[in-house]
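Asks: Order-wise, the sequence lines are chains A and B.
Position 275 (the first sequence) corresponds to 270 in my numbering; numbering is contiguous.
Position 75 (the second sequence) corresponds to 77 in my numbering; numbering is contiguous.
It is worth saying that the hints were derived from the structure and are not from the lab.
The structure presented is a predicted model; accordingly, all values stated were derived computationally and were not measured.
C-beta: ideal position from N, C-alpha, C; glycine also.
Any given hint could be a false lead.
As the list claims (entries may be wrong) - Taking lysine to aspartate or glutamate and the EDC-like style, the derived pairs with C-alpha atoms no more than 16 angstroms apart in a straight line are:
(1) K91/A with D49/A
(2) K163/B with E178/B
(3) K37/B with D175/B
(4) K144/B with D95/A
(5) K138/A with D152/B
(6) K233/A with E82/B
(7) K233/A with D80/B
(8) K30/A with D153/A
Claimed, not checked - Here chain B is said to cover these stretches of chain A; the calculated rule only asks that three of the stretch's residues, wherever they fall, bring their Cβ under 8 angstroms from a Cβ of chain B:
(9) 88 to 102
(10) 218 to 227
(11) 340 to 347
Stated by the list, open to error - What follows is a set of in silico ranges between Cβ atoms, one per label pair, in the way DEER data are often shown:
(12) Y47/B with A241/A: 39 to 45 angstroms
(13) R29/B with T62/A: 48 to 54 angstroms
(14) D50/A with N186/B: 45 to 51 angstroms
(15) V48/A with N186/B: 49 to 55 angstroms
(16) R303/A with G148/B: 34 to 40 angstroms
(17) K320/A with E28/B: 34 to 40 angstroms
(18) Q23/A with E105/B: 51 to 57 angstroms
(19) D50/A with A109/B: 24 to 30 angstroms
(20) P143/B with D46/A: 27 to 33 angstroms
(21) D15/B with D50/A: 39 to 45 angstroms
(22) S159/B with D46/A: 19 to 25 angstroms
(23) L200/B with A137/A: 16 to 22 angstroms
(24) A109/B with D49/A: 28 to 34 angstroms
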Amino acid sequence: MTYIGAEVIISPLGRTTAQNWAAISANQSGISLVKQAGFDNADLYLSKMLDLVDDYKFERLLSDALTAVSEQIDPKILTSQRTIVIISSTKGELDKDINDPFGKSIAALVERFSLVNQPLVLSNACISGVLAINAASNFIQAKIYDHAIVIGCDLISDFVVYGFQSLFAISDKPCAPFDASRNGITMGEGCGAVVVSNTKEIFRNGALQLLSGTSANDANHISGPSRTGEGLFRSVRKTLESNQIAPDEIDFVCAHGTATVFNDEMESIAFDRVGLTNVPLSSLKGYFGHTLGAAGVIETTASMQMMRHGTLLKSLGYHESGTSKKLNVLAENVSSRPETILKTASGFGGGNASLIIRSL
Amino acid sequence: MSLITTYCHLSADQCSVNGKVVSTRERSAAGSWFKQIYKEQEFVYPKFYKMDALSQAGFLASELIKRANQGIVNSYKDDEIAMLFANQSSSADTDLRFMHSYEHNGAPSPSLFVYTLPNIVLGEIAIINKWYGENMFAVLPKFAPGFFADYGRILLSTGAKAVLCGWLGVLGDHIEVFVWLVENESENGLDFNKENLLELAGI
Chain A
-4 MTYIGAEVII
6 SPLGRTTAQN
16 WAAISANQSG
26 ISLVKQAGFD
36 NADLYLSKML
46 DLVDDYKFER
56 LLSDALTAVS
66 EQIDPKILTS
76 QRTIVIISST
86 KGELDKDIND
96 PFGKSIAALV
106 ERFSLVNQPL
116 VLSNACISGV
126 LAINAASNFI
136 QAKIYDHAIV
146 IGCDLISDFV
156 VYGFQSLFAI
166 SDKPCAPFDA
176 SRNGITMGEG
186 CGAVVVSNTK
196 EIFRNGALQL
206 LSGTSANDAN
216 HISGPSRTGE
226 GLFRSVRKTL
236 ESNQIAPDEI
246 DFVCAHGTAT
256 VFNDEMESIA
266 FDRVGLTNVP
276 LSSLKGYFGH
286 TLGAAGVIET
296 TASMQMMRHG
306 TLLKSLGYHE
316 SGTSKKLNVL
326 AENVSSRPET
336 ILKTASGFGG
346 GNASLIIRSL
Chain B
3 MSLITTYCHL
13 SADQCSVNGK
23 VVSTRERSAA
33 GSWFKQIYKE
43 QEFVYPKFYK
53 MDALSQAGFL
63 ASELIKRANQ
73 GIVNSYKDDE
83 IAMLFANQSS
93 SADTDLRFMH
103 SYEHNGAPSP
113 SLFVYTLPNI
123 VLGEIAIINK
133 WYGENMFAVL
143 PKFAPGFFAD
153 YGRILLSTGA
163 KAVLCGWLGV
173 LGDHIEVFVW
183 LVENESENGL
193 DFNKENLLEL
203 AGI
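Next comes chain A alone, as it looks inside the complex (with noise of 0.2 angstroms):
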């Protein structure tokens, strides 16, 4: 069996999980209006850390992420040579090495905590996280390491919020996932981590099982989503039947949900495709905006918060149904204690990627 927990959350929202988790359950949003973040001086909604002011804010991200994880687990597995951490980012410190985004923060972090392992970096848009923490269960379940160390780390930078002005992709409000008056994206940064092992013990406060899931492109476009759901179809699909799990054993579904119009529609077609119209199910981004490579962690994190405390969040910003296929989007919190939960992403490059949690 493959275990996850340690789980934790830094955001606009807190730099503790607690703060995060007491923010979140009370339907608090960490996204606000930001005077002059766009393109030609325009003022837009972010979920901005507007307190993290280091000169290397990834770097100085990822290392308050790992402090938060070794005080939740045997402090002997951070430095051990069956450990690897992987870290999930599109841009890392992108603003201070455009050439090397990630060299330097990396290497830094293997020397303050020892690390023995070089850290692996995945970057593949918004799969990053949901994929890393795949890549983790993988490694261990193939006995190449016995404990990973996921984090998931993405900043705003004009690089970024530039280039979603330039695709039209930003919504002129806080983003409303799966809501009929969605119009695009809200842009966030954070960071969240979790440790996956295969030893229960090593956990402080208690651990999940991570059933491990599976990735499959859509072939279909490299920055728009497949109409038909393919790709997120066939990855949750594979992911279900690989576990053995049937859609109906499924208790919430935390979606991708980014409330582009085009992304929620595909979500909808492809989760009714696999028979999960009537599964609660949340997009968390009205929560944390989009954090792009951090987005899969963070969310996950953020799942197994509303696992342990048996509280399922409203997808924040939803009203009405506005996809063609009829989600039980959540409009308020439940109270509700899921056995089994669904995580899915999706993104740019045709990426589609999920996985499963169980409580113990």
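Given the coordinates of chain A, assemble chain B onto it according to the supplied hints.
Replies: For chain B alone, coordinates are given in the frame of chain A:
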């Protein structure tokens, strides 16, 4: 037994398949080196001209591998070929161009922005071939045969029957591309291990 059955190298002035040179750069020729290969090899895929250099490199290497190993087009189901790529500088080559567009050319270019992720090349290859398999792009400090051997083996034991692997070093004039195919059910090739990868890579 997993074997490396076909491989392709692209450097600043040579392109070779299974160690045999198929194109040599003509410095005097107009247009880019990758476009020279595209024309010489008589590929017909107009979208090539819209791609960034990283995707062009992936396109050329994967198409040359398919040409040298025609079995891969028909031997596998549409989700049985996984892709496992990596490099050192992510999408920096295009990131620099995109940054230039908004700092010096008046406005951020959407057609450049969509290539500012290293995994886009995997999407391009998936689209051409209608491959729905597993994809992964890693950013590593240097060519790491152990990473490819370990994760390639994982992919081959979790559903994939072949893995197209690639080290795509493309940044300005620096071109260090090595793409190879690993197949589970093949009789001819080299053992898929760290030692053979290191020797073949020449990196």
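Asks: So, for every hint listed, does it hold in this structure?
Replies: Going down the list of hints, with the structure as the test:
Pair hint K91/A plus D49/A holds up; C-alpha atoms about 12 angstroms apart against a cutoff of 16 angstroms. Pair hint K163/B plus E178/B does not hold up; C-alpha atoms about 27 angstroms apart against a cutoff of 16 angstroms. In summary, the hint linking K37/B to D175/B is supported, as the alpha carbons are separated by about 14 angstroms, within the 16 angstroms threshold. Restraint check: the Cα-Cα separation between K144/B and D95/A comes to about 12 angstroms, which is no more than 16 angstroms; the hinted pair holds.
Proximity of K138/A to D152/B is assessed by CA-CA distance (about 10 angstroms); at most 16 angstroms being required, the pair is judged to hold. Among the hinted pairs, K233/A with E82/B is consistent with the structure: their alpha-carbon atoms are about 12 angstroms apart, no more than 16 angstroms. A hinted pair counts as satisfied when its Cα atoms are at most 16 angstroms apart, and K233/A with D80/B qualifies at roughly 14 angstroms. Only pairs whose Cα atoms come within 16 angstroms are accepted, and K30/A paired with D153/A is accepted, the gap being roughly 13 angstroms.
Requiring three or more residues with a Cβ within less than 8 angstroms of a Cβ of chain B, the coverage given for the stretch 88 to 102 of chain A holds, as 8 such residues are present. By the rule of at least three residues with a Cβ nearer than 8 angstroms to a Cβ of chain B, the coverage given for the stretch 218 to 227 of chain A holds, with 3 such residues. Counting residues of the stretch 340 to 347 of chain A whose CB lies closer than 8 angstroms to any CB of chain B gives 4, so the stated coverage by that chain holds, three being the minimum. Checking the proposed 39 to 45 angstroms range against Y47/B and A241/A shows it holds: the Cβ atoms sit about 42 angstroms from each other.
Checked against the given bound of 48 to 54 angstroms, the beta carbons of R29/B and T62/A, roughly 52 angstroms apart, stay inside it. The hinted window of 45 to 51 angstroms between D50/A and N186/B holds, with their beta carbons roughly 48 angstroms apart. Against the hinted window of 49 to 55 angstroms, the Cβ-Cβ separation of V48/A and N186/B comes to about 52 angstroms, which satisfies the hint. The given range of 34 to 40 angstroms is respected by R303/A and G148/B, whose C-beta atoms sit roughly 36 angstroms from each other.
Taken as a hint, the range 34 to 40 angstroms is violated for the pair K320/A and E28/B, whose Cβ atoms sit roughly 54 angstroms apart. The supplied range of 51 to 57 angstroms is broken by Q23/A and E105/B, whose beta-carbon atoms lie about 36 angstroms from each other. In this structure, D50/A and A109/B meet the distance hint of 24 to 30 angstroms, their C-beta atoms being roughly 29 angstroms apart. Taken as a hint, the range 27 to 33 angstroms holds for the pair P143/B and D46/A, whose Cβ atoms sit roughly 32 angstroms apart.
Remark: the range hint 39 to 45 angstroms for D15/B to D50/A is upheld by a beta-carbon distance near 41 angstroms. Separated by about 46 angstroms at the C-beta atoms, S159/B and D46/A break the suggested range of 19 to 25 angstroms. The beta-carbon spacing between L200/B and A137/A, approximately 21 angstroms, falls within the hinted interval of 16 to 22 angstroms. Between A109/B and D49/A the C-beta distance comes to about 30 angstroms, which sits within the given range of 28 to 34 angstroms.
In this structure, the hints that do not hold are numbers 2, 17, 18, 22, in rising order.
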